[in-house]
Amino acid sequence: MGLLGLVIPMEGGEAEDSHWPPGVHSFDGRPLFPGAGVDWINNHLFQAVLGAVIVIGVWIWLANGHKLVPGKKQFAGEQIYNVLRNGIARDILGHEYRKFLPYLVALFSFILVNNLFGQFFLLMFPTFSKVGYAYALAMLTFILYNAAGIAKWGVFGYLKRMTLPEGVPPALWVIIIPLEFASNFIVRPITLALRLFANLFAGHLVVVVFVMGGALLLEQASIGYKLAGGVALLMSGAIFALEIFVAVLQAYIFTVLSAQYIASSIAEEH
Amino acid sequence: MLPILEITGSLNMLGYGLATLGPALGVAWIFASVINGTARQPEARGALLSTAWIGFAVVEALAIIGIALAFAIQ
Numbered sequence: 020m021g022l023l024g025l026v027i028p029m030e031g032g033e034a035e036d037s038h039w040p041p042g043v044h045s046f047d048g049r050p051l052f053p054g055a056g057v058d059w060i061n062n063h064l065f066q067a068v069l070g071a072v073i074v075i076g077v078w079i080w081l082a083n084g085h086k087l088v089p090g091k092k093q094f095a096g097e098q099i100y101n102v103l104r105n106g107i108a109r110d111i112l113g114h115e116y117r118k119f120l121p122y123l124v125a126l127f128s129f130i131l132v133n134n135l136f137g138q139f140f141l142l143m144f145p146t147f148s149k150v151g152y153a154y155a156l157a158m159l160t161f162i163l164y165n166a167a168g169i170a171k172w173g174v175f176g177y178l179k180r181m182t183l184p185e186g187v188p189p190a191l192w193v194i195i196i197p198l199e200f201a202s203n204f205i206v207r208p209i210t211l212a213l214r215l216f217a218n219l220f221a222g223h224l225v226v227v228v229f230v231m232g233g234a235l236l237l238e239q240a241s242i243g244y245k246l247a248g249g250v251a252l253l254m255s256g257a258i259f260a261l262e263i264f265v266a267v268l269q270a271y272i273f274t275v276l277s278a279q280y281i282a283s284s285i286a287e288e289h
Numbered sequence: 271m272l273p274i275l276e277i278t279g280s281l282n283m284l285g286y287g288l289a290t291l292g293p294a295l296g297v298a299w300i301f302a303s304v305i306n307g308t309a310r311q312p313e314a315r316g317a318l319l320s321t322a323w324i325g326f327a328v329v330e331a332l333a334i335i336g337i338a339l340a341f342a343i344q
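As given, the protein sequences belong to chains S and U, one line each in that order. The first sequence runs 20 to 289 under our numbering. The second sequence runs 271 to 344 under our numbering.
Be a bit skeptical, because a hint or two may be false.
[Stated by the list, open to error] Negatives, chain S to chain U, calculated, CB over 12 Å:
# : residue
1 : N62
2 : L64
3 : I73
4 : L112
5 : V193
6 : V206
7 : L211
8 : A278
9 : A282
[Said to hold, decoys possible] Quick list of simulated restraints, FRET-style, between CB atoms:
#  : chain 1 : residue 1 : chain 2 : residue 2 : range
10 : U       : I343      : S       : I79       : 24 to 32 Å
11 : U       : A309      : S       : I162      : 24 to 32 Å
12 : S       : P184      : U       : S280      : 35 to 43 Å
13 : U       : I343      : S       : V225      : 21 to 29 Å
14 : S       : I79       : U       : G296      : 25 to 33 Å
Hints were generated in silico from the structure; no laboratory data involved. Every residue, glycine too, gets a C-beta built ideally from N, C-alpha and C.
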């Protein structure tokens, strides 16, 4: 199998003979302790925990030893923090943004680190291309924006605000209320999770197609196939660059939409 | 034939590819309008963007529902 063997260990599923074509099975996890009855402890869980550790460690490292005249480290940390604080939290949430800032910063960093694992050579797998992890994050945001709204307006006040926009004539209530309810409580968390998942799933699948397909073509006898395989492997570099962009973009969008949903549930009348 | 060249799978994916055209145009128009608005009145960028993100989420929901159904319906 030669070259293909280099790729397979990163993609899991060592039981099957053929890994081509890539598909959902390319996303199977590898249990860290096979046969111990704890198969849910797999490399994806390890990545998620590692991501959390990295996020906590990096922010503590960046936050320590601040001086009046910032050094390089402090400057870099403050630049990132400023984008999140001023560009996302303060612009969207208004004067109440401080309460939600830690959540948004943690969310952005965690998603970003886990997405970049998809391009990191030891792990080569974006954690959120497993839909369960994306659902868990969306559920956190769902709980947070509902809790923030209920804490501010009370249960019934919040429900009324979220299901009935101002100035709707009573004749339309029977249509508007179910629509708004479905939009705010069902579609929002699901699309939040699936947007993150679908982007990373598709991106990782494209990477797998280019890299594995290229390796497979390189092994064929014909010189034309070898040439095509080389081109495919070179092109995978461009795909990796695109995936790095998508990783940052999706982390940003998830954070912005979380802030936006919180803002809509605590917004004053206008 | 080389096994790598066999095409198998569901036509759903082709349908999904076609279905992404709508959300693609929608998202494009939303951000094109934001760019236009920002060019006309740069200080309104924040207000334009915050509305745009909501609109973007609603429009992209169509594409996301599409990919979910493309996988779910066999």
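Hint by hint, here is what the structure shows:
| no. | hint | in the structure |
| --- | --- | --- |
| 1 | N62 | 23 Å, holds |
| 2 | L64 | 23 Å, holds |
| 3 | I73 | 27 Å, holds |
| 4 | L112 | 10 Å, violated |
| 5 | V193 | 22 Å, holds |
| 6 | V206 | 6 Å, violated |
| 7 | L211 | 8 Å, violated |
| 8 | A278 | 9 Å, violated |
| 9 | A282 | 8 Å, violated |
| 10 | U:I343 x S:I79: 24 to 32 Å | 47 Å, violated |
| 11 | U:A309 x S:I162: 24 to 32 Å | 39 Å, violated |
| 12 | S:P184 x U:S280: 35 to 43 Å | 40 Å, holds |
| 13 | U:I343 x S:V225: 21 to 29 Å | 23 Å, holds |
| 14 | S:I79 x U:G296: 25 to 33 Å | 42 Å, violated |
Hints 4, 6, 7, 8, 9, 10, 11, 14, counting from the list given before, are not met by this structure.
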